[in-house]
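Q: Residues per chain are reported as follows:
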Amino acid sequence: MTTKPHQKLNAFWDNLFHQGDDPDKKDILEILSKVPLFSQLNKNELRRVAKIIYERHYSKGEFLFRKGEPGAAMFIIRSGQVDIVMTKDEEDEEVGMILASLGPGSFLGELALLDDTPRSAGAIAATNTKAMAFFRADLNKLIDTEPKIGSLILKELALIIGKRLKVTNEQLYNAKG
Amino acid sequence: MKNVGTSSRAKRRVWVYTVSGLVGLLVTLSLFWALRNLILPSVVGALGAYLCRPILTRMHRIGISGHLAVVVLFGGFFLIVVLLTQQIQSVIPSELGKLELRIRIQYKINDQYKRLMGLDGDGKGNFLNSTFGGELRPLVDKAKSLAMLDLDERKTFIRQYMILYGPAMVTQKYFIYFQENQKAHRARLGNDYVESPTDSIDPNQPDPQPGSEAAAHGEKSLLSKISGVVSLWLASPFVFLFLIVDEGEIKRNLVYLVPNRYFEMALTVLNDVDQSIGNYLRGTMLECSLVGISFGLCMFLIGVDLQWALLIGLIAGVTNAIPFLGTAIGLVVGLAYALVVEDFSPVLPFVEVGSIPVWVVASVGVVHLLDNILFQPIVLGTAVSLHPIVVIIGVMGGSILLGLAGMLFAVPAIVVVKVFVSTSLRQLKAYRII
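In order, the protein sequences belong to chains A and B.
Note that numbering that gives the first Met the number 0 has the first sequence beginning at 0, numbered continuously upward.
Note that numbering that gives the first Met the number 0 has the second sequence beginning at 0, numbered continuously upward.
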């Protein structure tokens, strides 16, 4: 699933020129409010978050991030579909296995909000996709300037990771049993 | 058929975007060139906004609303600009004052040189004179000739004094200095001396009065110069305002230029560069402020007038950003003041008026020591360090390209490039791009 050069160029121009004239822009707050990480934020706080997110356009077959690269941002899918994939090896872009497919409103790469440890899997646009990136450094600044918003986001992030740990423990227990 | 249509449309799209991108780039570059005089004021405004951002963050944190914080900061920036302008304007002498200043400088250089070399009437001098006199004399003559008035200026000075003091002008201090300078000049030139300016003055010849064509021309050119400088520097507070109210929109628009492959890497590089450069610039500003305040305070304590002590401190503080040369500039400015000014009232009882230059040198030494053992380690800490050779070449290159502004901004510019390149390389490897 490789991207042709003209597709990459189109995605580049979309990023550059299609930010202001997007008719769906009003849906950003709605999508953000449905992301568990931001579920405790009120409308004003969501607007504050919306100001620091980056909108990106990806062509079909384009990677959002690759396995093994340092993580710097969490992505929220606005439209389109993204596959979580394992590549055959870290240097290779050829997809080996699709682990999951995520649609609009889903989020991925949230561990990058904590530190820059390498991504455990890659993410690739299965269709032309619009995504929103929430950058770790911006979250850190938010914690610094508006501690209430920052702590609410961190609390939800801790809950999500805790839930996943429980699920993983159960899976491990079942696998051993 | 549909595929052919889509592909030709995609090609046209690429063409339109590429051509418009190139045209946009060319227009931007030519605008930059046309408006290059605005670059320095804009850089100063941008630097001010960048340095003030942490203050804005702290104000947010203690609950001050965004708009109020911006108004307070902009008011503070504007107030500083106005106060500095007033301070500088208050020490700029009038036209006659400038002539008097140059006469005084010429006289004082001569006087101090004679005293230092022990030159009495027969011109024999002391050990210093016999050892270094041959080398120093041409330098002193050169310095004096720089301060010396030309024929027109001498005529203007005498006319102005005639109008102001009449026959009593000969008893005025600066007129006596003027005559002493002429005597020394005549003695130095010997037979080559051709004209005594006082002889060539016709007291009845009218001096250009305010309102006459020449005066009007002079006034107009001065006014146009001042208005030109003021209108150029007006850009500074506006750039400051626009950047301080920006909540990351400029950065976001820049990041849109980055292809998806480099998106995360670009954000990481921008963040790392921002942190390193921010720490360096804020540290340097704080260090320069501490040096300026310390030097200004020392100057005040040894008897320099408060207004001038503040100005000398300001110059020493600003030029401290120029590595190696900053201290020398502070020393030269302090010594020049000590050399020219006659009325000292030292705050410290043990400072004698005759030894002011020695105290200036001691003050520079103390401030330099404080800077090295206290200010730099505490304020700059482990911020970006540069090799001394890079610093020297950078400062020299900056002075060749842009003069004093180039010297001031050379090291920060090198730091920006160094941090940007090293961070980019590190991230390019981490993201397996290279």
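Since the hints were derived computationally from the structure, they do not count as laboratory data.
Quick reminder that beta carbons are idealized off the backbone N, C-alpha and C, glycines included.
Take these hints with a grain of salt, some might be off.
[Said to hold, decoys possible] PhoX-like cross-link-like pairs, simulated, lysine-lysine; straight-line CA separation at most 25 Å:
no.: 1; chain 1: A; residue 1: LYS129; chain 2: B; residue 2: LYS10
no.: 2; chain 1: A; residue 1: LYS66; chain 2: B; residue 2: LYS428
no.: 3; chain 1: B; residue 1: LYS250; chain 2: A; residue 2: LYS50
no.: 4; chain 1: A; residue 1: LYS162; chain 2: A; residue 2: LYS50
no.: 5; chain 1: A; residue 1: LYS33; chain 2: A; residue 2: LYS162
no.: 6; chain 1: A; residue 1: LYS50; chain 2: A; residue 2: LYS33
no.: 7; chain 1: B; residue 1: LYS172; chain 2: B; residue 2: LYS97
no.: 8; chain 1: B; residue 1: LYS123; chain 2: B; residue 2: LYS97
no.: 9; chain 1: A; residue 1: LYS140; chain 2: B; residue 2: LYS97
no.: 10; chain 1: B; residue 1: LYS428; chain 2: A; residue 2: LYS87
no.: 11; chain 1: A; residue 1: LYS129; chain 2: B; residue 2: LYS417
no.: 12; chain 1: B; residue 1: LYS10; chain 2: B; residue 2: LYS107
no.: 13; chain 1: B; residue 1: LYS10; chain 2: A; residue 2: LYS59
[Stated by the list, open to error] Some but not every residue of chain B turned toward chain A, in silico, with C-beta under 10 Å:
no.: 14; residue: GLN111
no.: 15; residue: PHE241
no.: 16; residue: VAL244
no.: 17; residue: GLY247
no.: 18; residue: ARG260
no.: 19; residue: MET264
no.: 20; residue: LEU269
no.: 21; residue: HIS367
Q: All hints, please: hold or fail.
A: Going down the list of hints, with the structure as the test:
1. Simply put, LYS129/A and LYS10/B have alpha-carbon atoms about 22 Å apart, close enough for the 25 Å limit, and the pair holds.
2. Under the criterion of a C-alpha separation no larger than 25 Å, the hint pairing LYS66/A with LYS428/B is consistent with the structure, at around 14 Å.
3. With a C-alpha separation of about 12 Å, the suggested pairing of LYS250/B with LYS50/A holds against the 25 Å cut-off.
4. Taken as a hint, the LYS162/A and LYS50/A pair is broken in the structure, with Cα atoms around 29 Å apart against an allowance of 25 Å.
5. The hinted pair formed by LYS33/A and LYS162/A meets the criterion: a straight-line CA distance of about 18 Å does not exceed 25 Å.
6. Pair hint LYS50/A plus LYS33/A holds up; C-alpha atoms about 17 Å apart against a cutoff of 25 Å.
7. Between LYS172/B and LYS97/B the alpha-carbon distance is near 15 Å, which keeps this suggested pair within the 25 Å criterion.
8. Distance restraint check for LYS123/B and LYS97/B: the Cα-Cα separation of roughly 34 Å exceeds the 25 Å cut-off, and the hinted pair is therefore not satisfied.
9. For a cut-off of 25 Å, the pair hint linking LYS140/A to LYS97/B is broken: about 53 Å separates their Cα positions.
10. Simply put, LYS428/B and LYS87/A have alpha-carbon atoms about 20 Å apart, close enough for the 25 Å limit, and the pair holds.
11. About 35 Å separates the Cα atoms of LYS129/A and LYS417/B, which puts this hinted pair outside 25 Å; it is violated.
12. For the given pair, LYS10/B sits about 77 Å from LYS107/B by alpha-carbon distance, which is inconsistent with the 25 Å threshold.
13. Annotation: proposed proximity of LYS10/B to LYS59/A holds, straight-line Cα distance about 18 Å (limit 25 Å).
14. Proximity of GLN111/B to chain A is violated relative to the hint, the smallest CB-CB distance being about 56 Å (cut-off 10 Å).
15. Hint status for PHE241/B: violated, given a least beta-carbon distance of 17 Å to chain A, over 10 Å.
16. With a least beta-carbon distance of about 13 Å to chain A, the hint placing VAL244/B at the interface is violated under the 10 Å criterion.
17. A distance limit of 10 Å between C-beta atoms decides the matter here; for GLY247/B the minimum to chain A is near 6 Å, and the interface restraint holds.
18. At its closest, the beta carbon of ARG260/B sits 7 Å from a beta carbon of chain A; the interface hint therefore holds under the 10 Å criterion.
19. Satisfaction of the interface hint for MET264/B is found here, the shortest Cβ-Cβ separation to chain A being roughly 8 Å, below the 10 Å cut-off.
20. Hint status for LEU269/B relative to chain A: holds, with the closest Cβ pair at about 9 Å, below 10 Å.
21. The beta carbon of HIS367/B is not positioned within 10 Å of any beta carbon in chain A (closest approach about 36 Å), and the interface hint is therefore violated.
In the structure shown, a violation is registered for the earlier hints numbered 4, 8, 9, 11, 12, 14, 15, 16 and 21, in ascending order.
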